[in-house]
Amino acid sequence: MKHNGLRARMTSLLAIFSLITSLAHAQAIDEPLGGKPPAGMKSSIKDYDYQLKYMRAFEVANWAMPAVGIYGFKRATEAVGGGENTILAWSKVASAKAELLTANNVTPYILAMTNLKKGPVVVDVPAKSDKALLYGQIVDHWQYAIADVGPIGVDKGKGGKYLLLPPDYQGKKPKGYYIL
Numbered sequence: 041m042k043h044n045g046l047r048a049r050m051t052s053l054l055a056i057f058s059l060i061t062s063l064a065h066a067q068a069i070d071e072p073l074g075g076k077p078p079a080g081m082k083s084s085i086k087d088y089d090y091q092l093k094y095m096r097a098f099e100v101a102n103w104a105m106p107a108v109g110i111y112g113f114k115r116a117t118e119a120v121g122g123g124e125n126t127i128l129a130w131s132k133v134a135s136a137k138a139e140l141l142t143a144n145n146v147t148p149y150i151l152a153m154t155n156l157k158k159g160p161v162v163v164d165v166p167a168k169s170d171k172a173l174l175y176g177q178i179v180d181h182w183q184y185a186i187a188d189v190g191p192i193g194v195d196k197g198k199g200g201k202y203l204l205l206p207p208d209y210q211g212k213k214p215k216g217y218y219i220l
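Numbering (the working numbering), first residue to last: 41 to 220.
Take these hints with a grain of salt, some might be off.
Keeping only pairs whose Cα atoms sit at most 20 Å apart, straight-line, the calculated PhoX-like set for lysine-lysine is [as the list claims (entries may be wrong)]: (1) K198 <-> K171; (2) K212 <-> K198; (3) K196 <-> K168; (4) K171 <-> K132.
In case anyone wonders, no lab produced these hints; they're calculated from the structure.
Based on the provided sequences and hints, a complete structural model is requested.
In structure tokens:
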């Protein structure tokens, strides 16, 4: 028994010693700053600057896609005579002819563009019925969900009035609304 305890202690000490000595011999590695190799180093990629710009172009496109998609919805609303606070309900699902960047071909869209700089906006969501129900979201221009509506939202399918307030709104907030 004493022998096993001594062996366990010696093994632990040897492991600790190995770890310490391996850390002591670790070499410092120059980390690239700003996405480029350190000055004086030869790049392993001949067209590094081009490759970096190429990657950044894809990053910008991915970053901007949600806002460009909403802009497409706005243009589509205006093209049929709609504008701010006009509700546009599509009778069919989207197709390629719609020229919308992020629309899918299984969702019938209901769109409304608002401008909260002009003041609060009320969105009246109908309650679900035996014939219809509405699943949806209120999103910003980056397609970031502000609120879910319908059975998955705070109204739980019972409908209700959603009050959209401008940033830094200081006015009264009436009762009976879902305030966003």
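Going through the hints against the structure:
A distance of roughly 14 Å separates the Cα atoms of K198 and K171; the hinted pair therefore holds under the 20 Å criterion. Using a Cα cut-off of 20 Å, the hinted pair K212 and K198 is violated, with the two alpha carbons roughly 25 Å apart. A distance of roughly 9 Å separates the Cα atoms of K196 and K168; the hinted pair therefore holds under the 20 Å criterion. Taking the CA atoms of K171 and K132, the gap is about 17 Å. The hint holds against a cut of 20 Å.
In the structure shown, a violation is registered for the earlier hint numbered 2 alone.
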